[in-house]
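Visitor: Using the sequences and the accompanying hints, generate a full structural model.
Chain residues, written in single-letter form:
Number of protein chains: 2
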Amino acid sequence: MNDLAIHLTDEKGKHLYEQIYEYIADEIREGKLLAGEKLPSTRSLADYLQVARSTVELAYEQLLSEGYIESVPYKGYFICRVEELYRIRTDEDGESGRRKTQRPERAAEAAQKDCFSEKRERSFDIDFSPNAIDMSRFPFGTWRKITRDILSGDRTELFALGEPRGDAALRETVCRYLHASRGVNASPEQIIVGAGNDYLLLLLQYILGRDITAAFENPSYRRAFRIFSSFAAGTVTVPSDENGIRVDGLSASGADVAYVMPSRQFPTGTVMPIGRRTELLRWAAAAPGRYLVEDDYDSEFRYRGKPVPSLQSADTAGRVIYIGTFSKSVAPAIRISFMVLPEGLLGAYEKNCGFFSSTVSRIDQTILNEFLLSGAFERHLNRMRKAYREKHDLLLECLQPLLDRFRLSGEYAGLHVLLTSKDPAREESLLERAAACGVRIYGLKEAALAPFETDCATVLLGYGGLDQEKIREGVRRLDKAL
Amino acid sequence: MNDLAIHLTDEKGKHLYEQIYEYIADEIREGKLLAGEKLPSTRSLADYLQVARSTVELAYEQLLSEGYIESVPYKGYFICRVEELYRIRTDEDGESGRRKTQRPERAAEAAQKDCFSEKRERSFDIDFSPNAIDMSRFPFGTWRKITRDILSGDRTELFALGEPRGDAALRETVCRYLHASRGVNASPEQIIVGAGNDYLLLLLQYILGRDITAAFENPSYRRAFRIFSSFAAGTVTVPSDENGIRVDGLSASGADVAYVMPSRQFPTGTVMPIGRRTELLRWAAAAPGRYLVEDDYDSEFRYRGKPVPSLQSADTAGRVIYIGTFSKSVAPAIRISFMVLPEGLLGAYEKNCGFFSSTVSRIDQTILNEFLLSGAFERHLNRMRKAYREKHDLLLECLQPLLDRFRLSGEYAGLHVLLTSKDPAREESLLERAAACGVRIYGLKEAALAPFETDCATVLLGYGGLDQEKIREGVRRLDKAL
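Line order of the protein sequences matches chains A and B. Here the first sequence stands for residues 0 to 481, numbered as in numbering that gives the first Met the number 0. Here the second sequence stands for residues 0 to 481, numbered as in numbering that gives the first Met the number 0.
Read the hints as simulated data drawn from the structure, not as lab findings.
Below, in silico cross-link-like pairs of lysine-lysine (DSBU-like), each with a Cα-Cα straight-line distance of 35 angstroms or less:
| no. | chain 1 | residue 1 | chain 2 | residue 2 |
| --- | --- | --- | --- | --- |
| 1 | A | 144 | A | 327 |
| 2 | A | 327 | B | 350 |
| 3 | B | 350 | A | 37 |
| 4 | A | 479 | A | 327 |
| 5 | A | 144 | B | 327 |
Here the structure is a predicted model, which means the values were calculated and not measured.
Guide: The structure is reproduced here in structure tokens:
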């Protein structure tokens with residue numbers, strides 16, 4: 000079986016795991032490895048190739064997620080039938096087939112899952128996705144009424160292209176909302192409205208330039224990492240501890256920009272205490288051109304204690320770029336996010352990308368503005384907070400029997416909690432055991448930006464999209480399986 | 000008067016005109032040049048500085064457009080009151096004040112004007128903007144009804160994030176529409192839906208890479224040029240003739256990508272004949288990595304002869320990237336554009352930016368899809384074509400008395416025509432004379448990507464946004480003034 004003649008090189012920009020992944024994927028595509036064949040265990044292949052076991056695990060994960068291989072609990076990894084693979088015609092430039100085997104629908108699904116690579120298709124009865132939200136409670140009636148009222152006015156101006164930064168009225172409202180709820184200090188001029196976080200992060204290449212090194216915690220929000228990687232001269236991962244990103248590591252990294260989620264780090268759920276925040280702000284202020292990108296993605300949902308104010312609210316040096324979205328709090332399809340720029344960056348914005356047309360229709364901006372102004376948003380948030388808290392509390396109650404084997408963290412906020420095994424355990428094995436009983440849970444390493452080692456696996460259980468019955472039943476099954 | 004001690008340098012990346020502009024703007028901001036003072040004429044300053052007169056003209060144009068100076072017909076250029084200037088606080092990095100004096104509202108207005116730098120605010124009775132469209136005929140009723148129907152279904156899935164490329168249903172419809180109306184050959188997989196042309200052009204940095212040199216005609220669509228300039232290793236302008244971009248010039252330029260508008264070049268109105276198209280496609284196919292970006296921005300409006308099929312329809316080598324928008328044909332606020340990628344670029348798209356979330360809400364995509372499928376779009380287009388043709392015909396009729404002095408071009412399509420003076424004339428002077436009688440017309444040089452010389456000025460008259468009475472009255476005034 001160890002006839003995998005993988006030749007690992009120091010090829011620039013290619014991780015070892017990628018090389019292993021590509022070698023095996025090519026072998027499968029070329030029919031050299033046949034359906035049903037068993038792959039060596041991660042341990043034995045790691046021994047054979049003289050690499051860390053986690054490197055092989057990462058390669059296998061990628062193969063699993065792209066449907067090349069499948070994992071059979073207690074048995075190992077097996078090659079899938081290659082006819083099942085979807086192929087996009089090879090392009091004329093003869094680029095490697097990497098990534099092209101992804102099915103378009105799967106790519107879409109992956110994007111929707113936001114930060115987790117998609118798993119091999121498989122049916123799950125219960126999906127503890129940390130990204131799912133509860134759309135069943137969306138106030139369609141209110142939204143519809145606002146839309147109807149706005150469209151009834153024959154307001155021709157709404158069909159005209161608006162300001163690049165977003166409509167003044169919406170920016171004014173967002174500004175007041177952010178100040179009241181998150182302590183954000185800004186004027187409406189500093190707010191840029193855009194169609195989603197991805198788009199706003201893309202704009203940073205024009206505002207900060209591409210000659211930056213961006214630092215991320217590991218694990219972190221993988222999509223943001225990929226976007227920064229797409230334009231920044233460098234990206235680095237920096238160690239973190241129970242208080243969040245380590246500032247000594249950040250200083251040592253040579254980065255000028257750090258992407259952080261102080262209110263609640265994804266996926267770890269860490270809330271950054273004031274001490275670390277101060278350190279971080281001091282780091283940023285210590286040299287010109289240093290900036291902190293604060294992604295305040297789900298600050299709305301906290302179920303205990305006082306809300307944590309934003310990092311931006313404590314920033315006196317103008318070094319925090321604050322990003323927020325209405326995707327979690329209203330609906331993912333709304334496609335309205337916003338960015339608060341420090342005054343010092345407005346010149347660069349105006350000069351380098353201030354002429355880009357707005358990516359959000361004025362009708363949508365007007366509907367959202369009315370949704371906020373009318374109080375409907377606040378009522379909706381309160382309703383959702385209550386609904387999510389009930390799910391959260393129920394989940395915690397159900398998880399009690401597992402707490403002899405697992406340590407719970409990340410509770411009392413957001414839409415997921417984390418379970419860390421007390422005894423050594425492999426993440427993949429936990430996910431597999433859950434999957435075997437029809438339950439999908441998520442691994443911390445799936446949000447890894449670079450391979451990391453841990454003896455005791457951590458899994459994520461999201462509850463936003465599940466009803467009470469599913470939560471009860473899901474945990475019941477997990478209790479037996481894990 | 001010639002006390003403008005401008006020191007011109009070969010400073011990297013700074014045009015001479017920029018240096019002149021910055022010097023004068025600084026003098027005004029610092030109060031060294033006072034309101035009411037007269038600037039030297041462009042001729043005398045050009046003599047004094049030993050630069051081309053067009054260089055000084057470009058600097059003055061910029062100053063005019065940003066409200067630093069104003070032009071008084073037959074008298075010259077005068078400094079404006081500095082208190083009228085809007086200032087954004089100077090940022091801490093001590094960046095030059097350039098561009099920061101732009102009023103936000105003006106910036107918005109400029110963006111809306113798409114390709115023309117905004118003029119000093121001034122009241123015009125009649126504005127022959129080439130970018131204005133007639134929104135008074137937008138079928139609000141139909142749009143409202145479709146929206147209501149869609150929102151009434153409690154279709155929760157519409158509020159979920161959709162596929163990065165756009166909803167499959169909409170891509171399918173656009174695909175069929177493009178094939179039927181523009182001869183575009185593509186499968187729905189090749190279509191990327193995005194929030195506006197600017198966004199789609201931005202994606203090209205991921206699909207084509209940044210190591211490209213992009214060629215443009217001069218004049219051309221300035222916004223597209225600025226976007227390419229924001230990421231491409233190089234941008235060049237290439238000579239054009241009455242058939243469009245010159246392929247010998249393109250070959251000589253070393254460019255790999257050319258941005259063209261074969262159906263109707265903006266602003267010249269040139270329709271590229273089949274011979275030049277073939278040459279262009281041959282150029283693209285002659286070397287790997289060469290691509291043509293076809294912006295088919297207002298192909299819908301032709302008033303005589305058969306519609307010109309798209310360049311893409313004749314492309315057998317997969318070298319045309321086709322871009323279209325619903326901004327002109329539906330409404331600018333719809334914010335839905337689309338790009339048709341050659342199959343050979345799908346791999347790069349998928350790999351480098353296929354994970355970016357869609358920038359268009361699913362609700363908007365569904366409304367537009369229904370608008371297209373129901374036949375409402377076709378009816379609307381036919382109605383608009385008729386309305387615009389009537390305006391076009393009336394304009395041509397009214398322009399008869401001017402044709403002793405001007406040569407007409409760019410008629411029978413689009414939403415503007417061009418007038419070129421038969422006798423030597425300066426563009427600025429024509430615009431000024433029109434402005435003096437309350438009529439705003441636009442100069443060809445305002446769409447210049449680089450200064451160009453011409454003895455006989457060309458001005459643009461757009462009619463999309465004007466009613467019959469305005470057209471009549473506007474031309475009456477122009478006849479007297481020019």
